[in-house]
Amino acid sequence: MGYSVVLSKGQPHATTLRIYEEVVEESERAHCDCCRCIGWVHHPVNKKQYHFIVHTDFKARNKPELTGKRICQLCCCAVSSSERKCSVCDEVDKECSILDHQTHLLHGMIHANGFGHLKRINGREAGSMALSGTQLMGLWETICYQLRAREVSVEDVSQKYGVELRLLNPVSRGATWYGTYGYIFGKGSFGNTLMTHKRASELLRKFPVRQLRNDFSYVKDLLDKEGNEDAVDVVALVDKYVKIFNNEDIGINTVGDLVNNVMMLQRDIRLAVKEGRRPPERLALHGVAAVLAGTKIVDKKGEYKRNITDSPKLARRPPPNSQQVSKKAKTSAAPPPPRTERARALRRRDEESPAVAPEDIKINLPSDPMVHWDSRGRDSHHAPSTTSRWSQARLNVAANACVLALNDQRDRWISRQEVRAGAREKGIGDTGLLDHILKTLNDRQVTLPSGKQCIVRRRQGKNQMEFTLEVTRSKPLQLVAIKDEAPTPVKVEPRSEVTPAKMLAQKFKNGRVARTVDELTAAEVDRDLLTLYHDVLESYKPARLQKNAGQRVTVKGAPLIEAARTLLDTKQFVKIYTPVEDLLDSTPASKLVKPAPNAQKAIRIIVTAVIDTRNQGPLLSGLGANNGKSRQRIGTITRPPPEMVWLPSDPTLGDLKRVASKAFRDLYVVLSDFKVTRVKGYEGVSDKTRLGWRKMHGAFVEVHGEGADLESEFRYQGGLEQWTVKCMCGTGDDDGERMIACDECGIWMHTRCVGIKDSAKAPSNWICPKCAPTPAVAVDVAPKAPRPAPRRRRE
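Quick note: full-length UniProt numbering has the sequence shown finishing at residue 795, numbered continuously throughout.
Simulated from the structure, these hints should not be mistaken for lab results.
Glycine included, C-beta positions come from ideal geometry on N, C-alpha and C.
Just so you know, not all the hints are guaranteed correct.
[Stated by the list, open to error] Per label pair, the in silico range of CB-to-CB distance: (1) Ser539 <-> Cys771: 29 to 35 Å; (2) Ser759 <-> Lys225: 54 to 60 Å; (3) Arg199 <-> Asp224: 32 to 38 Å; (4) Met728 <-> Glu202: 22 to 28 Å; (5) Lys601 <-> Leu271: 32 to 38 Å; (6) Ile184 <-> Thr677: 37 to 43 Å; (7) Lys206 <-> Ala596: 36 to 42 Å; (8) Leu194 <-> Gly681: 31 to 37 Å; (9) Leu271 <-> Lys206: 26 to 32 Å; (10) Lys85 <-> Ile19: 26 to 32 Å; (11) Ile576 <-> Glu721: 27 to 33 Å; (12) Ser97 <-> Ser759: 38 to 44 Å; (13) Val5 <-> Glu202: 41 to 47 Å; (14) Ser97 <-> Asp224: 54 to 60 Å.
[Unchecked claim] Below 20 Å or equal to it, Euclidean Cα-Cα: the simulated DMTMM-like pairs (lysine to aspartate or glutamate) are: (15) Lys439 <-> Glu418; (16) Lys48 <-> Asp709; (17) Lys726 <-> Asp709; (18) Lys206 <-> Glu538; (19) Lys601 <-> Glu562; (20) Lys594 <-> Asp650; (21) Lys757 <-> Asp518; (22) Lys547 <-> Asp221; (23) Lys662 <-> Asp709; (24) Lys48 <-> Asp100; (25) Lys198 <-> Asp221; (26) Lys240 <-> Asp518; (27) Lys220 <-> Asp233; (28) Lys198 <-> Glu702; (29) Lys662 <-> Asp673; (30) Lys240 <-> Asp257.
Build the full structure now, drawing on both the sequences and the hints.
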């Protein structure tokens, strides 16, 4: 059953929210993997759960470069339209449930008991054509607050500009991207805890910039041996931004200050370019957005990334068709491409980059002419349109691109090929058009978007013509536009990914360093931010170089590597939208007013049901058979979450039993025949006994009953399968990361902790270090010293 709600009706981008009601008993998904990973594995399976979905607004038919292809909804790859089965993930997406699709802009699920999961948010970086991640998150927040959701979990795999936000945001702002909306630490992977996550964030954020600079200066010889010409000098980068921000009266003392201000600067510059307040330039694209723009083709052979829907322990659970899969079969084969919780980049099926059809797009260039065509040039007395085969509007756009390319290399002479390359980066792919413009551009006066007046100069170099842009102080001239009926879109042939490294390759060779905010470009800031992420935050480069060179790691920033690993390993977060106490009436007892007679919903109480009095807790993952204290500590006793129920104005004990039984029967499958037989504290009391409205107001009650189907597969959200997790990192429960089981003892451990890379296939036979036979080592045992002779007795 589904419902549709139209949002922003009448707006240019109307959005439809789809609401699907899933009956678990009729579904193939009996259990919830999200509950298992966040620690709600002990909850009984709900009868119903509701999915809130905003479908993707991307259409492959609107992209010429995807002609003859379709997008697989499960792996987000571009495959041939004639293929029924995806050649990448080897599944038929049309036969799968719409709830399994990975391309949704928003997908959230709320169980009937109020616990839910935010499965994915796909903003503009993940394929959304109109809605941003902030807008989608605001919609989800409204849904949860309006429906009074209790707790919602999320797996943070959010990215922006090609980097992980769960590492970047804690360093810059002290909280993850979801943390800005109130999501806090839920469950750590690889043995991480709340305190280790907090300490790691503080260590990275408060690391002094002065010490950062000293560490990179200390390993300068190792950096020189590395020989990477395209690498950015971190020392020069730090000095550049410290000077720039000091000019703006912004102090940079820690790594957190540096990263935060660079991120804010990146956002402001990109926004100014889009709004036309800065000279136009081609902005770097990342992820799905790069593919949608036709600038990126991703190889389908990517590194394996573990996620909650691809658990290695699922091999021990029977699939929907009741076919049993053994653990041996699971560990002997390479891990299948995971169904990611966030939409990945659209990937082409072919191994080689196919020929991409030209696409008509509007280049982000000024619509008004920048060249004064009425000013007399040295080689031509007329505007170029008088003798050309190109339209007038297209000539204006190409001339603007050439001027901006010259402006990027101001105060130096550049060759004709460099001017053409710069113009092509800005979207002009017709080299014949560019050559025609350069022939007529000499000595023309131009007006830059900033209002500065310049003159294009040309000279004969050693081997070819060279151009430059000379700034003049003459009065601005009136621009004479080359009129045309309508602007003509410029054809661009996207062939490679537009990245900051490629966009700045020529600029950094020139050695020109920006000294003010106005001199910075979006591509330069993008490159600098990626350098800070990869060389400072993700893997501290000085410590890494010393370790690879076999030297003793002596730099002060060595602990940053482990801190970054802690932040990247922590993905499970949770937000409490409605605490249990907030469900009750907060009116003080002294100010209570007696409810109206015969009112059926007058008193609110919290009821906790004990469904199995014979056991103290289930045999769950990692807990073992006799570890009762662990079961009590993490709350995995055989009780569903407490529920708020209404009592009539003058309740009896029988009324309490009746409403409590109905509340749990309506929620959980295993409690369909549940009946409360005893209320703690009221043993041996008749059901007709009056409880008193004042006494029951806001009370917490524990009830015991019978009729629960304890052998049903719906008893726990994590299922009835039992395994033991005891990894060397300290993890004692399934944390959603990739694991492997020992063939001898059956204990599960992380593949990363035992030395198996995520990109490698799991071995068919594996024995943990504890069960592995230790080779006998011959030890030379010294012979025992002879017993000394007894001392002679004195006479």
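- Query: Of the hints given before, which are not true for this structure?
  - Reply: 2, 5, 7, 12, 17, 19, 21, 25 and 28
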